[in-house]
Structure formats: structure tokens, C-alpha cells
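Visitor: Listed below are the residues making up each chain.
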Amino acid sequence: NAGVTQTPKFQVLKTGQSMTLQCAQDMNHEYMSWYRQDPGMGLRLIHYSVGAGITDQGEVPNGYNVSRSTTEDFPLRLLSAAPSQTSVYFCATLFRTGANSPLHFGNGTRLTVT
Amino acid sequence: EDKVVQSPLSLVVHEGDTVTLNCSYEVTNFRSLLWYKQEKKAPTFLFMLTSSGIEKKSGRLSSILDKKELFSILNITATQTGDSAIYLCAVDYGGATNKLIFGTGTLLAVQP
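Residue numbers (my numbering), protein chains in the order written: chain U, 8 to 121; chain R, 2 to 113.
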């Protein structure tokens with residue numbers, strides 16, 4: 008039982024490049040989400056999914072795409088990276104959408120866009 | 002605009018000291034307030050508070066919520082160097098989205 012696994016741990020991109028941040032969970036959690044953490048800003052919600060096949064936007068969705076084809080995986084795509092997307096990205100999950108319980112966080116991906 | 006404000010932004014104490022971290026909030030919907038501890042990697046859950054005046058306690062850490070005055074405090078007694086971390090406060094909006102709004106965190110450094 009690995010919990011929430013994020014890959015890669017670190018990534019450096021040039022402006023305009025694309026990449027996918029991976030998030031996988033083996034806990035059969037229904038709810039999955041992506042947050043970004045920036046100094047002085049706290050964590051902010053990018054996108055979330057309340058179940059397989061269903062996604063929605065969070066607070067800061069611009070520049071990011073997501074999909075949820077399986078319960079286990081929730082990849083975050085950057086189609087054309089910008090320096091403003093330099094951040095630490097966290098995937099967070101919950102066993103059941105709407106449950107009044109704390110989110111489980113992955114260990115994060117540190118992304119630098121030059 | 003919904004917001005969660007934490008104070009102080011940073012704090013340096015010596016081992017054995019007691020610290021109080023503050024979190025105030027203004028949100029349109031409130032279900033619960035959560036405290037997380039973040040060391041080098043993932044935030045780890047500490048407390049979830051839903052009712053006013055009921056203290057949650059875990060070892061040397063405790064927390065309480067005041068829903069009338071819209072704030073919460075996190076207390077750490079007899080601090081240890083292992084308590085050094087960023088402490089995050091977040092409000093859960095409720096409903097079917099499980100959205101959290103986070104404060105910017107308090108950076109606590111405990112010196113030997």
C-alpha cells in the first residue's frame with residue numbers, strides 16, 4: 008500500500024515545453040485533487056475530480072489540463088509551460104467525495120520553468 | 002473574498018518553550034478547520050475542528066476553534082527541535098467538492 012505517489016519528484020522545463028505530472032493512489036480513493044504551493048500564497052486548488060470520468064476547475068486552473076480515466080490515476084498536464092508555473096505541486100486524495108475528513112497528500116513535485 | 006490568515010508568519014523559539022499559532026478566517030461556507038504540519042514534503046494532518054470550544058489534543062499539541070470570532074489556535078507545549086516545520090491552517094468549504102482554502106502558514110523554528 009503505497010498511498011499517494013507523485014512522479015517525478017523534480018523537473019526542470021524550458022518555457023513552452025509540455026509535460027505531465029503523475030499522481031497515482033492505491034487506496035481506492037474516490038476524490039483526487041491538485042494543489043500548487045508558492046511562497047507567500049499558501050496552497051491553491053488547481054483541479055479536482057469527484058470520481059472517475061468527472062473533473063472540475065479549482066481556484067487557479069489556467070494553463071493546466073486534467074483527466075480521470077481510472078480511479079487510481081489523476082495526471083496534471085502543462086501544455087505550454089510558463090515561468091509563472093514554477094511551483095511545488097501536490098496531489099491530495101480522499102476516500103469518498105464529500106466526506107468530512109482530511110485530505111491525504113503526496114510528497115509533491117518541484118517544478119522549475121526557465 | 003474568502004481568506005484564511007495565519008500569524009505569526011514565522012517564529013523562532015528555544016526547546017521547552019510553549020508556542021501559540023493563530024488562524025483567522027472569513028469564508029462564505031464553513032464545514033471544518035484543519036491544521037497540517039509540513040516538514041520537507043507532504044503536509045501531514047494534525048487536527049480537524051468542527052465545533053466551537055471543544056479542544057482537540059494529541060500529546061503536546063492542542064487546538065481549539067471559536068466559530069463566533071472566526072479563529073482557531075494551535076498550541077505546542079514543551080517544544081522540541083522535531084516540531085520545527087511549517088504549520089498550515091485550512092478551511093473546508095463543505096459540500097461535494099472538498100475544496101480547502103489555505104493560509105500561508107507559520108514557519109516555526111525550534112532551537113536547541
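Bear in mind the hints are in silico, worked out from the structure with no lab data behind them. A portion of the hints provided could be inaccurate.
To be verified - Listed next, with one range per pair, are the computed distances between beta-carbon atoms: (1) R:Q112 to U:Q64: 35 to 45 Å; (2) R:D3 to U:F102: 21 to 31 Å; (3) U:P15 to R:S53: 42 to 52 Å; (4) U:M48 to R:R61: 26 to 36 Å; (5) U:N72 to R:G96: 21 to 31 Å.
This one's a predicted model, so the numbers in the text were calculated from it and none came from an experiment. Note that beta-carbon positions come from the ideal geometry of N, C-alpha and C, so glycine has one too.
Visitor: All hints, please: hold or fail.
Guide: Each hint tested on the structure:
1. R:Q112 to U:Q64: 35 to 45 Å: holds, 43 Å
2. R:D3 to U:F102: 21 to 31 Å: Between D3 of chain R and F102 of chain U, where Cβ atoms are some 26 Å apart, the hint holds.
3. U:P15 to R:S53: 42 to 52 Å: holds, 43 Å
4. U:M48 to R:R61: 26 to 36 Å: holds, 30 Å
5. U:N72 to R:G96: 21 to 31 Å: Cβ of N72 of chain U to Cβ of G96 of chain R: about 24 Å, so the range 21 to 31 Å holds.
In the structure shown, no violation is registered for any of the earlier numbered hints.
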